[in-house]
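*Asks:* For reference, the chains in residue letters:
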Amino acid sequence: MSALIEFDDVTYAYPLPGGGRIAALREISLRIEEGEYVAIVGANGSGKSTLARHLNALLVPDEGRVTVAGLDTRDQAQHAAIYRTVGMVFQRPEDQIVASLVEEDVAFGAENMGLPPAEIRARVDEALEMVGLSEMRMRPPHQLSAGQQQRVALAGVLAMRPRCIVFDEATAMLDPAGRRAVREMMAELHRAGLTIIAITHFMEEALDAQRVVVLERGRVALDGPPGTVFADADTLRNLGLDLPPAARLARTLRQHFPALPAGMLTVPALVEALDALSHHDVKLPTAPTEPSPVASAPLIEVRDLGHTYMLGTPLAQRALEGVTLDVREGAAHSLLGATGSGKSTLMQHLNGLLRPQEGTVRVGEYALHDPQTDVRAVRRMVGLVFQLPETQIFEQYVGDEIAYGPRLQGLLGDSLRQRVRWAMELVGMGFNAFKDRFTFALSGGEKRKVALASILALRPSVLLLDEPTAGLDPASHRELLTHLQKLKETGMTLVLSSHQMEDVAALTGHVTVLDSGRSVLDGRVTDVFAQGEPLRALGLSTPVVTQVVEGLRARGWTLPPGLISSVALVEALSRCLNS
Amino acid sequence: MNDFEFLRFVTIGQYLPTGSIIHRLDPRARLLAGFLLLAAVTAAPRWTGLVIALVVVLVALVIARIPVGYALKGLLPPLPFIVFLAALQILFGPRDAAGTSLWTWGPVFVSAVGLLNGALLVLRFAALILALSWLSFCISTTEIVRALDALLAPLTKIGLPTHAFVLMVQVTLRFLPLLALEAERIAKSQASRGAEWGTGRGGLLRRARQALPLLVPLFLTGLQRAENLALAMQARGYQGGKGRTTTVELRFQWADVAALGLSVALATLIVLV
Numbered sequence: 079m080s081a082l083i084e085f086d087d088v089t090y091a092y093p094l095p096g097g098g099r100i101a102a103l104r105e106i107s108l109r110i111e112e113g114e115y116v117a118i119v120g121a122n123g124s125g126k127s128t129l130a131r132h133l134n135a136l137l138v139p140d141e142g143r144v145t146v147a148g149l150d151t152r153d154q155a156q157h158a159a160i161y162r163t164v165g166m167v168f169q170r171p172e173d174q175i176v177a178s179l180v181e182e183d184v185a186f187g188a189e190n191m192g193l194p195p196a197e198i199r200a201r202v203d204e205a206l207e208m209v210g211l212s213e214m215r216m217r218p219p220h221q222l223s224a225g226q227q228q229r230v231a232l233a234g235v236l237a238m239r240p241r242c243i244v245f246d247e248a249t250a251m252l253d254p255a256g257r258r259a260v261r262e263m264m265a266e267l268h269r270a271g272l273t274i275i276a277i278t279h280f281m282e283e284a285l286d287a288q289r290v291v292v293l294e295r296g297r298v299a300l301d302g303p304p305g306t307v308f309a310d311a312d313t314l315r316n317l318g319l320d321l322p323p324a325a326r327l328a329r330t331l332r333q334h335f336p337a338l339p340a341g342m343l344t345v346p347a348l349v350e351a352l353d354a355l356s357h358h359d360v361k362l363p364t365a366p367t368e369p370s371p372v373a374s375a376p377l378i379e380v381r382d383l384g385h386t387y388m389l390g391t392p393l394a395q396r397a398l399e400g401v402t403l404d405v406r407e408g409a410a411h412s413l414l415g416a417t418g419s420g421k422s423t424l425m426q427h428l429n430g431l432l433r434p435q436e437g438t439v440r441v442g443e444y445a446l447h448d449p450q451t452d453v454r455a456v457r458r459m460v461g462l463v464f465q466l467p468e469t470q471i472f473e474q475y476v477g478d479e480i481a482y483g484p485r486l487q488g489l490l491g492d493s494l495r496q497r498v499r500w501a502m503e504l505v506g507m508g509f510n511a512f513k514d515r516f517t518f519a520l521s522g523g524e525k526r527k528v529a530l531a532s533i534l535a536l537r538p539s540v541l542l543l544d545e546p547t548a549g550l551d552p553a554s555h556r557e558l559l560t561h562l563q564k565l566k567e568t569g570m571t572l573v574l575s576s577h578q579m580e581d582v583a584a585l586t587g588h589v590t591v592l593d594s595g596r597s598v599l600d601g602r603v604t605d606v607f608a609q610g611e612p613l614r615a616l617g618l619s620t621p622v623v624t625q626v627v628e629g630l631r632a633r634g635w636t637l638p639p640g641l642i643s644s645v646a647l648v649e650a651l652s653r654c655l656n657s
Numbered sequence: 022m023n024d025f026e027f028l029r030f031v032t033i034g035q036y037l038p039t040g041s042i043i044h045r046l047d048p049r050a051r052l053l054a055g056f057l058l059l060a061a062v063t064a065a066p067r068w069t070g071l072v073i074a075l076v077v078v079l080v081a082l083v084i085a086r087i088p089v090g091y092a093l094k095g096l097l098p099p100l101p102f103i104v105f106l107a108a109l110q111i112l113f114g115p116r117d118a119a120g121t122s123l124w125t126w127g128p129v130f131v132s133a134v135g136l137l138n139g140a141l142l143v144l145r146f147a148a149l150i151l152a153l154s155w156l157s158f159c160i161s162t163t164e165i166v167r168a169l170d171a172l173l174a175p176l177t178k179i180g181l182p183t184h185a186f187v188l189m190v191q192v193t194l195r196f197l198p199l200l201a202l203e204a205e206r207i208a209k210s211q212a213s214r215g216a217e218w219g220t221g222r223g224g225l226l227r228r229a230r231q232a233l234p235l236l237v238p239l240f241l242t243g244l245q246r247a248e249n250l251a252l253a254m255q256a257r258g259y260q261g262g263k264g265r266t267t268t269v270e271l272r273f274q275w276a277d278v279a280a281l282g283l284s285v286a287l288a289t290l291i292v293l294v
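Protein sequences appear in the order of chains A and B. One point on numbering: in the numbering used here, the residue at position 194 of the first sequence is 272, and numbering is uninterrupted. One point on numbering: in the numbering used here, the residue at position 47 of the second sequence is 68, and numbering is uninterrupted.
Since the hints were derived computationally from the structure, they do not count as laboratory data. It cannot be assumed that every hint is accurate.
Unchecked claim - What follows is a set of in silico ranges between Cβ atoms, one per label pair, in the way DEER data are often shown:
#1 A:S594 <-> B:T177: 41 to 49 Å
#2 A:E443 <-> B:L200: 34 to 42 Å
#3 B:T177 <-> A:Q221: 28 to 36 Å
#4 B:F186 <-> A:G506: 28 to 36 Å
#5 B:L200 <-> A:R614: 33 to 41 Å
As the list claims (entries may be wrong) - On the chain B side, residues computed to face chain A include the following (Cβ under 8 Å):
#6 R86
#7 Q110
#8 T193
#9 A212
#10 G215
#11 A216
#12 P238
#13 G243
#14 R246
#15 M254
#16 Q260
#17 T266
Given the structure is predicted, the values throughout are model-derived calculations rather than measurements. A virtual CB, placed ideally from N, CA and C, is assigned to each residue, including glycine.
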């Protein structure tokens with residue numbers, strides 16, 4: 079019996095513009111059986127996406143052989159059958175939708191198969207039912223959230239009734255609720271007998287699979303069940319990866335409490351193991367209260383802010399309603415909320431890209447609700463790093479890109495060089511090593527750092543970051559967090575929005591939660607994350623430390639609810655556990 | 022107030038599903054009626070026809086339950102352009118045979134004919150923009166694609182690749198709003214880096230140079246999106262129109278025939294009076 083997908087000594091190289099080729103896959107041999115659930119992980123440049131594209135003949139090998147259900151992908155005549163066997167959901171939801179109506183988009187693949195109309199309609203109904211979007215069938219896809227769009231794309235694949243579905247970083251751009259929904263769909267389809275292949279940067283998603291394949295520079299470095307692959311943290315780190323957050327916490331806890339068993343990868347496993355240890359109830363003070371800040375006026379003060387897009391047209395859309403926000407100088411403040419909750423709109427008010435329609439916004443000495451205020455001065459003081467900022471790079475050389483802003487400010491010659499050098503060093507890029515590099519040839523993480531440096535070069539005293547770590551691989555993610563931490567230590571005020579609760583817990587002191595354009599929760603990060611249930615209802619989640627505390631409290635432990643760092647958890651546990 | 026909402030008062034290309042009688046017509050009837058009206062406005066030789074056309078469009082807007090004020094705002098963005106053209110027409114347009122002038126100053130010469138031509142031009146553009154807005158308020162991009170597909174289907178018999186053409190239209194229509202949003206995002210982002218959008222300063226040449234940081238990323242992301250879409254379509258087995266089926270069947274009703282008949286009559290009237 080042959081496997082559903084079989085790679086036999088596959089080598090593939092991308093042709094370079096100036097001639098020559100760059101190797102992406104090297105002598106890969108891999109068998110994926112019918113009904114398996116496989117996660118494929120690896121750092122940027124490890125060949126994950128190239129491998130994914132070989133799974134359904136979007137790319138064909140230079141050397142070696144790929145067979146899908148026994149069909150050789152190099153045989154053009156078999157491609158239609160291969161596309162029907164292996165479906166694919168891509169990373170960017172809005173890029174893979176063809177039609178301007180949900181149900182027509184779902185029908186697209188089935189129409190390409192040349193099925194009779196009645197059959198297509200039946201399949202479209204069934205597929206929409208499966209992804210839970212039957213009510214949305216007559217809506218234009220751009221009115222749906224990113225998570226829903228991703229489910230539309232999945233429905234389009236399901237309508238072709240494939241035996242295998244590949245998810246190529248399909249959750250990378252989604253908020254926690256959207257990600258949860260897609261992960262649940264993957265598990266459900268697997269139970270229904272489909273083969274699922276998930277390519278991901280999120281190690282906790284790899285845990286859902288039965289088998290994890292780790293790639294490194296075009297080769298298979300590790301291949302086995304999650305328990306085996308995630309057993310060795312140091313090897314993973316060398317491969318540019320990381321443990322899943324819960325496993326990382328388990329490792330830290332085991333260093334302090336050796337009685338804990340090895341190989342715990344999930345929050346429930348960790349809670350179970352801790353609860354099994356002998357412990358006693360102690361009265362612990364609720365989370366240590368920080369010294370309350372001196373009664374100075376906040377640096378950023380937003381009061382009753384309201385905003386409507388397309389105001390005065392029938393397409394008007396309410397984006398913000400009565401929003402209140404205080405950010406103190408030198409603080410790190412997070413904005414949380416599902417996609418479309420108004421985080422980006424609020425941020426754009428803080429540097430004058432949008433002016434208040436209702437309410438007031440004051441940043442330092444500038445009152446943005448006053449039409450006389452010089453917005454350029456505000457923009458110099460408040461730097462905004464947009465989501466996926468690397469897509470806005472336009473210069474050929476790294477140095478020129480970073481110099482763009484300061485040059486517009488009138489800096490020249492040596493002072494300009496100094497400024498660019500300073501900004502590059504803040505993000506850990508050597509001036510001499512990088513200034514003359516081509517921007518297009520950088521890796522994803524490097525491009526992100528160039529984009530960040532190009533804002534820092536303006537010497538803002540406040541930095542706004544919209545989803546700063548989205549789409550980065552674990553190593554670049556870790557590195558960027560370190561740089562942001564350092565910026566915070568220089569006294570820069572940070573305001574960031576993120577779907578990564580671990581980042582929020584690690585970086586910020588205060589949190590404001592937005593829901594449908596209103597600020598619904600606000601406070602210290604410890605207090606906000608203590609409210610797990612309301613947060614989940616808003617489509618958000620909490621960091622793993624908080625989840626563990628919540629699990630233990632549910633089992634009667636008297637831990638204070640607002641713990642977010644592993645250090646605080648270790649300290650609290652050492653008081654409860656009988657050694 | 023908000024300098025970045027590029028699309029705020031661009032009414033062409035906005036679909037408003039009001040569910041009116043017009044919206045319930047067969048998309049082919051709506052598309053053909055719209056084209057007839059546009060052709061008639063373009064061809065109308067006299068101002069009487071244009072005034073009738075303007076009235077017809079306004080009535081059609083009311084029947085389609087579109088707020089007329091909103092539709093009229095769509096005239097604002099192209100207004101400077103139209104006024105400029107009209108001024109050219111008045112100042113440098115053809116003179117009448119008698120050469121009577123109302124006002125002269127050096128080479129500048131304003132005649133009654135020139136004024137009339139200028140007024141006609143303004144009227145024609147206003148009617149054209151309103152008619153085009155009306156059409157896009159009343160027909161969604163999906164319906165345009167369906168209607169085109171059905172109307173062009175006979176041409177496949179003589180070997181024309183109509184399906185590829187229709188798909189091209191469809192993808193363009195779907196990606197235009199995305200590109201507009203992308204442009205807005207990039208403009209905002211470069212403005213945060215000190216570029217001067219939304220501050221109302223800078224001369225023509227400066228503005229042209231400012232466009233570079235906008236155009237390069239827009240072009241690159243556009244290409245990237247196109248590549249992603251091509252891959253996604255290939256993965257869903259798209260191999261051209263060959264062997265494709267479709268789920269949609271359109272049927273002409275009496276109301277559609279009546280609407281078409283009415284548009285033919287009105288278009289004839291606009292051109293002939």
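*Asks:* Confirm or reject each hint.
*Replies:* Cross-check of the supplied hints:
Checked against the given bound of 41 to 49 Å, the beta carbons of S594 of chain A and T177 of chain B, roughly 48 Å apart, stay inside it. Between E443 of chain A and L200 of chain B the CB atoms are about 38 Å apart, so this pair conforms to the stated range of 34 to 42 Å. Evaluation of the 28 to 36 Å hint for T177 of chain B and Q221 of chain A yields a pass: the beta carbon distance comes to about 33 Å. For F186 of chain B paired with G506 of chain A, a C-beta distance near 51 Å fails the hint of 28 to 36 Å.
Range check, L200 of chain B to R614 of chain A: Cβ separation about 36 Å, and the 33 to 41 Å hint holds. Given hint, R86 of chain B at the interface with chain A, is violated; its Cβ is 10 Å from that chain's nearest Cβ, farther than 8 Å. A least Cβ separation of about 31 Å between Q110 of chain B and chain A goes past the 8 Å threshold, and the interface hint is therefore violated. Contact between T193 of chain B and chain A, as hinted, is not supported at the beta carbon level, the nearest pair being about 11 Å apart and thus beyond 8 Å.
Residue-level restraint check for A212 of chain B holds (minimum Cβ-Cβ distance to chain A is 6 Å; threshold 8 Å). For G215 of chain B, the interface hint holds, the least distance from its beta-carbon to any beta-carbon of chain A being 4 Å, beneath 8 Å. Given hint, A216 of chain B at the interface with chain A, holds; its Cβ is 7 Å from that chain's nearest Cβ, closer than 8 Å. For the restraint placing P238 of chain B at the interface with chain A, the shortest Cβ-Cβ distance is roughly 5 Å, inside the 8 Å limit, so the hint holds.
Given hint, G243 of chain B at the interface with chain A, is violated; its Cβ is 11 Å from that chain's nearest Cβ, farther than 8 Å. Contact between R246 of chain B and chain A, as hinted, is supported at the beta carbon level, the nearest pair being about 5 Å apart and thus within 8 Å. Residue-level restraint check for M254 of chain B holds (minimum Cβ-Cβ distance to chain A is 6 Å; threshold 8 Å). Checking Q260 of chain B against chain A by beta carbon gives a least distance of about 7 Å; that is within 8 Å, so the hint holds.
Taking 8 Å as the C-beta contact cut-off toward chain A, the hint placing T266 of chain B at the interface holds, the least distance being around 5 Å.
The structure is inconsistent with the numbered hints 4, 6, 7, 8, 13, although it conforms to all the rest.
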